[in-house]
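Trainee: Sequence:
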Amino acid sequence: MYGIHRSGHLALELPYLRPSIHARRANIIVKFQDIYGFIVEAAQSSSALKSSLRFSALVNTITLKKLVRKGIPPVLRPKVWFALSGAAKKKSTVPESYYEDLTEAVEGKVTPATRQIDHDLPRTFPGHPWLDTPEGHAALRRVLVAYSFRDCEVGYCQGLNYVAALLLLVMKTEEDAFWMLAILLENVLVNDCYTNNLSGCHVEQRVCKDLLLKKCPRIAAHLEALDCDVSLITTEWFLCLFSKSLPSETTLRVWDVLFYEGATVLFHVALAIFKMKEEELLMAHQVGDVINIIQRTTHQLFDPDELLMVS
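To convert, note that position 84 of the sequence shown is 84 in UniProt numbering; the numbers rise steadily by one, no gaps.
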């Protein structure tokens, strides 16, 4: 079981399953649970270990930007994110009890935002061994409700449930997850991405479409010929910051860069996904084919290095 407290640490009591040595030597694909509770394929299990070794070995020899691109080791990710993103600085500007006071002040209050949050909780990573439990739902609810009262203009927008859930798994405490969500929405991402009219998100979609036309003109022309609106695919990517589309560790590698370089990495990753399947996309005859190709690609992108290299 997992456990988390408002200021306590997430405890992973479930075994971190590893494929047997015989399975690894035989190159047999084995599914197992990663350190965040998501099911992945054993063939990709060494990614986190490789990033940890690279991080330790290169910390004194390359720039921080290149280091972040190599991947922040999971054990260091909470502290590195908190420092690099500016969340620690933002938290330091308010009383130490800010989050606890906020959650207590809003407890029991009902708003359109809280009703939507309650509706979305069971749909957030269903089947996850901790998130999809009463305890996990309660922790995620507190973070989302607290932020909805901190910023009434944003309140709550669908997609934030996935973002906050993954932040909870990484940051280990509700309070740190709350501040990471705050720095994302207030400093890292485009303004108005999550307001009621989603004006910022609409701007992102136009920019993404323009970039696709400039960087991948053949794909853009083919999609236009199929009358395929790119936003059908990319809106979810930007609202959920790829957390609903990419495998967990790949998403977190994208977020490593996001918290250091800013929101431009989201556009780079979006373009990279299209580039990786250019020839296959050009053979698609229907919009449904395009969507299936992209969904299959994102769900199987277990190698973060491949994706970030293209981006």
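Hints were generated in silico from the structure; no laboratory data involved.
One or more hints might be untrue.
[To be verified] As a list, the in silico DSS-like pairs of lysine-lysine whose alpha-carbon atoms are at most 27 Å apart: (1) LYS89 <-> LYS209; (2) LYS66 <-> LYS109; (3) LYS209 <-> LYS277; (4) LYS65 <-> LYS109; (5) LYS172 <-> LYS209; (6) LYS172 <-> LYS277; (7) LYS109 <-> LYS91.
[As the list claims (entries may be wrong)] FRET-style restraints, in silico, Cβ to Cβ: (8) GLY262 <-> GLY127: 41 to 51 Å; (9) ALA88 <-> PRO134: 40 to 50 Å; (10) ALA88 <-> GLU261: 38 to 48 Å; (11) LYS215 <-> LEU64: 20 to 30 Å; (12) ALA263 <-> LEU64: 37 to 47 Å.
Quick caveat, the model's predicted, so the values are computed rather than measured.
Virtual Cβ for every residue (Gly too), placed ideally from N, Cα, C.
Trainee: Please go over all the hints and tell whether each is borne out by the structure.
Mentor: So, going through the hints one by one against the coordinates:
1. LYS89 <-> LYS209: Violated - the C-alpha atoms of LYS209 and LYS89 are around 35 Å apart, more than 27 Å.
2. LYS66 <-> LYS109: 45 Å, violated
3. LYS209 <-> LYS277: 17 Å, holds
4. LYS65 <-> LYS109: 43 Å, violated
5. LYS172 <-> LYS209: It is violated: about 36 Å lies between the C-alpha atoms, which goes past 27 Å.
6. LYS172 <-> LYS277: Cα-Cα ~36 Å, so violated.
7. LYS109 <-> LYS91: 24 Å, holds
8. GLY262 <-> GLY127: 41 to 51 Å: Since GLY262 and GLY127 have Cβ atoms about 33 Å apart, the given range 41 to 51 Å is violated.
9. ALA88 <-> PRO134: 40 to 50 Å: 31 Å, violated
10. ALA88 <-> GLU261: 38 to 48 Å: 18 Å, violated
11. LYS215 <-> LEU64: 20 to 30 Å: 27 Å, holds
12. ALA263 <-> LEU64: 37 to 47 Å: The hint (37 to 47 Å, Cβ to Cβ) is violated, given that ALA263 and LEU64 are roughly 18 Å apart.
Hint check: violations occur at hints 1, 2, 4, 5, 6, 8, 9, 10 and 12; the rest are consistent with the structure.
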